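Sequence lines, in order, name chains B and S.
So for the first sequence, my numbering puts the first residue at 21; every next one is plus one.
So for the second sequence, my numbering puts the first residue at 3; every next one is plus one.
Derived from the structure by calculation, the hints contain no laboratory data.
A quick note: this is a predicted structure, and the numbers were derived from the prediction, not measured.
Where is the CB? At the ideal position from N, CA and C, for every residue including glycine.
Be aware that a few hints might be false.
Derived Cβ-Cβ restraints for the label pairs, each shown as a range [what the hints assert, rightly or not]: (1) B:400 / S:347: 53 to 61 Å; (2) B:305 / S:80: 49 to 57 Å; (3) S:303 / B:305: 34 to 42 Å; (4) S:51 / B:449: 32 to 40 Å; (5) B:461 / S:347: 51 to 59 Å; (6) B:313 / S:35: 40 to 48 Å.
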Amino acid sequence: MNQQSEEACVSNDLSLDKLKELFTNNDSFVVRKLMNNQSVAVASMVYLDILIDEKGLNQYIIPQIVGALPASADKSDKSLIDTLENLAANKVLHQLDHAVNWIMNAGIIIILPGCTKAYGIQLPGYETRSIDEPKIEINVRGPKESFVEDLHQNLSMVYRKLRTPDLKSESYIIGKQSETKMMLLYLESRVDPKTLELLKKKVEKIQLDLLVANIQIEELIQDNTYSPFPQILDTERPDRVVSLLNRGKIAIVTDGTPIVLAVPSTFFEIMHPSDDLYERFYFANFLRIIRLVCLFVSLFGPSTYIALTTFHLEMIPTPLMMNFISSKANIPFPTFVEAILMETAFEVLREASLRLPRAVGQSVSIVGALIIGEAAVQSGIVSRPMVIVVAMTGIASFAIPSFSTAIAFRLLRFPLILFAAYCGVFGISLCMLLILLHLCSLTSLGKPFLEPVDFQSTKNSLMRYILLPIHYRINRLGAKNDNGAALQHNRGGLSYEQDGEVDEYR
Amino acid sequence: MNKTGRWMNTVKLFLMSCLLALATTGCSENITEIGDVALVTAMGIDYDVSKKNYLFTAYCVLPSATSSENTGKLMEWVVNARGGSILEAARNLQGRAGKMPIWQHNKFFIIGESAARHAFNEIVDTMTRNRQIRITSYIFVSEGQAADVLLMRTDTGDLLSNDLLGKKRNEKDFGKSFSQSIQDIANWNTNPYRGFITGKVSKVKLNHSGEELVLFGGAVFNKGKLADWVSGEDVLVEHFLSTKNKWKHLNIPVTFSFNNSKTTLFFNLAKQSIRVSDTKGKPEVYIQLDFKAIAGQLDRHLQVSNRETIAQLEQTAAQHMKSRVQHTVEHFQKDLKIDVIGISDIYYQHHPKSWAVLKSHWEEVYPQIPFHIAVNVRLDNLGMTQTLGGM
Numbered sequence: 021m022n023q024q025s026e027e028a029c030v031s032n033d034l035s036l037d038k039l040k041e042l043f044t045n046n047d048s049f050v051v052r053k054l055m056n057n058q059s060v061a062v063a064s065m066v067y068l069d070i071l072i073d074e075k076g077l078n079q080y081i082i083p084q085i086v087g088a089l090p091a092s093a094d095k096s097d098k099s100l101i102d103t104l105e106n107l108a109a110n111k112v113l114h115q116l117d118h119a120v121n122w123i124m125n126a127g128i129i130i131i132l133p134g135c136t137k138a139y140g141i142q143l144p145g146y147e148t149r150s151i152d153e154p155k156i157e158i159n160v161r162g163p164k165e166s167f168v169e170d171l172h173q174n175l176s177m178v179y180r181k182l183r184t185p186d187l188k189s190e191s192y193i194i195g196k197q198s199e200t201k202m203m204l205l206y207l208e209s210r211v212d213p214k215t216l217e218l219l220k221k222k223v224e225k226i227q228l229d230l231l232v233a234n235i236q237i238e239e240l241i242q243d244n245t246y247s248p249f250p251q252i253l254d255t256e257r258p259d260r261v262v263s264l265l266n267r268g269k270i271a272i273v274t275d276g277t278p279i280v281l282a283v284p285s286t287f288f289e290i291m292h293p294s295d296d297l298y299e300r301f302y303f304a305n306f307l308r309i310i311r312l313v314c315l316f317v318s319l320f321g322p323s324t325y326i327a328l329t330t331f332h333l334e335m336i337p338t339p340l341m342m343n344f345i346s347s348k349a350n351i352p353f354p355t356f357v358e359a360i361l362m363e364t365a366f367e368v369l370r371e372a373s374l375r376l377p378r379a380v381g382q383s384v385s386i387v388g389a390l391i392i393g394e395a396a397v398q399s400g401i402v403s404r405p406m407v408i409v410v411a412m413t414g415i416a417s418f419a420i421p422s423f424s425t426a427i428a429f430r431l432l433r434f435p436l437i438l439f440a441a442y443c444g445v446f447g448i449s450l451c452m453l454l455i456l457l458h459l460c461s462l463t464s465l466g467k468p469f470l471e472p473v474d475f476q477s478t479k480n481s482l483m484r485y486i487l488l489p490i491h492y493r494i495n496r497l498g499a500k501n502d503n504g505a506a507l508q509h510n511r512g513g514l515s516y517e518q519d520g521e522v523d524e525y526r
Numbered sequence: 003m004n005k006t007g008r009w010m011n012t013v014k015l016f017l018m019s020c021l022l023a024l025a026t027t028g029c030s031e032n033i034t035e036i037g038d039v040a041l042v043t044a045m046g047i048d049y050d051v052s053k054k055n056y057l058f059t060a061y062c063v064l065p066s067a068t069s070s071e072n073t074g075k076l077m078e079w080v081v082n083a084r085g086g087s088i089l090e091a092a093r094n095l096q097g098r099a100g101k102m103p104i105w106q107h108n109k110f111f112i113i114g115e116s117a118a119r120h121a122f123n124e125i126v127d128t129m130t131r132n133r134q135i136r137i138t139s140y141i142f143v144s145e146g147q148a149a150d151v152l153l154m155r156t157d158t159g160d161l162l163s164n165d166l167l168g169k170k171r172n173e174k175d176f177g178k179s180f181s182q183s184i185q186d187i188a189n190w191n192t193n194p195y196r197g198f199i200t201g202k203v204s205k206v207k208l209n210h211s212g213e214e215l216v217l218f219g220g221a222v223f224n225k226g227k228l229a230d231w232v233s234g235e236d237v238l239v240e241h242f243l244s245t246k247n248k249w250k251h252l253n254i255p256v257t258f259s260f261n262n263s264k265t266t267l268f269f270n271l272a273k274q275s276i277r278v279s280d281t282k283g284k285p286e287v288y289i290q291l292d293f294k295a296i297a298g299q300l301d302r303h304l305q306v307s308n309r310e311t312i313a314q315l316e317q318t319a320a321q322h323m324k325s326r327v328q329h330t331v332e333h334f335q336k337d338l339k340i341d342v343i344g345i346s347d348i349y350y351q352h353h354p355k356s357w358a359v360l361k362s363h364w365e366e367v368y369p370q371i372p373f374h375i376a377v378n379v380r381l382d383n384l385g386m387t388q389t390l391g392g393m
């Protein structure tokens, strides 16, 4: 872009011509000539009327500028320049591409004849969505605000929660056509410089024509593109971003996406929603265990049922077995086909209720559930236990806090069903081993993704998985710039530290 | 090929292998669809001495064969087949069954009296060799044919296997039946020096509705054969003289006479020790039983505040229990001449050298061994009233 740049406003007409040339066939491109009382054009104002607040421009800015307009088009009229410089949010632009950028970002450019620079004023007037309650990560006691599409509003939400100059933000423009702004936020004293460096390199390498949503960035900076598991945490909650920043993570805020990414992230960080911090730690830990259970149910539910009912009948307790036998009577399909049918039906139902308008969507899911649950059983196509297994699996997958991780598990369920139908529990164990190996091999910006699972120390894994009472959690605010070595808090010997690295897995 | 290309190939390979797995799901021969099985929950084995063949009976649970609206209902189905060996009979049974019998859920083996007397070794051998049979399932011996037992309707209308399971579970409050697992029986059956008791199932005539199955008494086995039946009283004492898991939860009421009144106490064995001493190659058995007792029912007023009364009650209870144990031990020793308690095992464990000398003529020695029985009873709980008994 810099190669194309050239001096913009050395001469008024020339630069204006260039701008006009660039914005030909654009109805919203406005050039206003500012006349003095002798009807001589002394300055030109250029903007896109759809982006700026024209009312504000006419009411507050134009009168001020007009008042300061010189009697003649003298290029060294100081009062006009002073006025422009006094106007809020002004910026001096020297190059054509900067000027274009300024215009595209809801700015106004004022070009004086014969001046070597143009003056820019930011006056956004487009409509943005107001800050709303979180839609995905709903909780009971936490803050009730979520990110919006506007980058500045998002930033302000984070800055309001972290009032420290230590919070740094670096911006990048991504997308040749879209020129979307993206920002990296981090706490300088907490962040790992190597990780930051690595991320910056990755971001600089991104070459996109159009950046619509930050999933594109996520795909381009993640270490393993072909893994079904999302390796980067995404959240719509400013409070979660703040606590992540506090743990040394880097937040990636993208204009136009109400979701913020945080790197480097781990599997269990993705699995812990911010609710955990807003409830009593007993309950939070209980939920963490429940979530793990849900994870296993959502992954292994149907496959375990298939394996047990077709290969390992002896593993089912006799009364349960009697129940299964009675409900499986006269069902025409093998258990495997039943499972595939029901799982597919469930996925279709889920997708349908997602796509339909909200009011209809609900009724579709209820009707669908009734059809699948009752009619299928009544007509003897599917057995009752299978309906329960699929329903339980579905519910368990909805209990996984991260939507994208839940999708990964839903996908993996199908190969697991195949393996279970082929070789029973052996197939399931084989799949589980493969999934575990894959998860162990994953990294997020060079950091192990499955942290804190430590196969050499169960205690280490466990202590970093559970949420301790707040007294025993690490409070690193007092330990700035000393890498957490001098912790002030007396934690009664219950704190957990390993290799000088404090537990920050909260 | 660049890295992405290689990765894509791996992904393709994985997806193809998944598709292959889909194709192979039908190939596995180990698949047993749960809808096609007949769940065998009890088995009966009879032996015809004259024809030298076995009658193998399976008590199966099937889903009811009517429309799917009736799902949830199960029906019982008893099928039997004959064969030269148990396995052959079992295979012949497969030909008669419309469904695939699943043996793993079987909990009860009912062995007919004739089979128990003439072919018990073969039966135990088959059971322990077959991996489809759980070695934790129970063996009961039936008076008469086992097939008749399995063909009986239960009084409760429940499935026979459930009924038997319930009866087995009630053993701890009753103590007069003795369920023995295949595992224990297989261990003891090969031992020529000791015998063992297993449960007995018999049909009892009821006044109002035909016959009912009861678990009562026991069958004594020695040298791989049914030797004799024993009464419920003997079985109860055998519980106390067995391993801890047999008496730990046993809480049985015993009625005896105390000061010319009928007294019932609940007895729970707290500590048991059976010791065999060796004096110059002559074994002597010391049995010590410490009971905890709870007052159950007295038909006469009893002053609890008087400690002497309590002491007397305890003493009488101990005396009563001792006489019962003594009676049973003598029956085993003098009448049956079978080492049901396992004295030979204890003797061998503690005095291996003496045992080596003695074992060849153990059968003559055993009936002569002196048994010293000591019983203690401690009355733990008198209930909620300060005075016990009727007015």
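Going down the list of hints, with the structure as the test:
1. In this structure the supplied range 53 to 61 Å holds for residue 400 of chain B paired with residue 347 of chain S, their Cβ-Cβ distance being about 57 Å.
2. The hinted window of 49 to 57 Å between residue 305 of chain B and residue 80 of chain S holds, with their beta carbons roughly 53 Å apart.
3. Range check, residue 303 of chain S to residue 305 of chain B: Cβ separation about 58 Å, and the 34 to 42 Å hint is violated.
4. Checked against the hint of 32 to 40 Å, the pair residue 51 of chain S and residue 449 of chain B fails, with Cβ atoms roughly 50 Å apart.
5. Taking 51 to 59 Å as the suggested C-beta distance range, the pair residue 461 of chain B and residue 347 of chain S conforms, at roughly 56 Å.
6. At roughly 29 Å, the beta carbons of residue 313 of chain B and residue 35 of chain S sit outside the given window of 40 to 48 Å.
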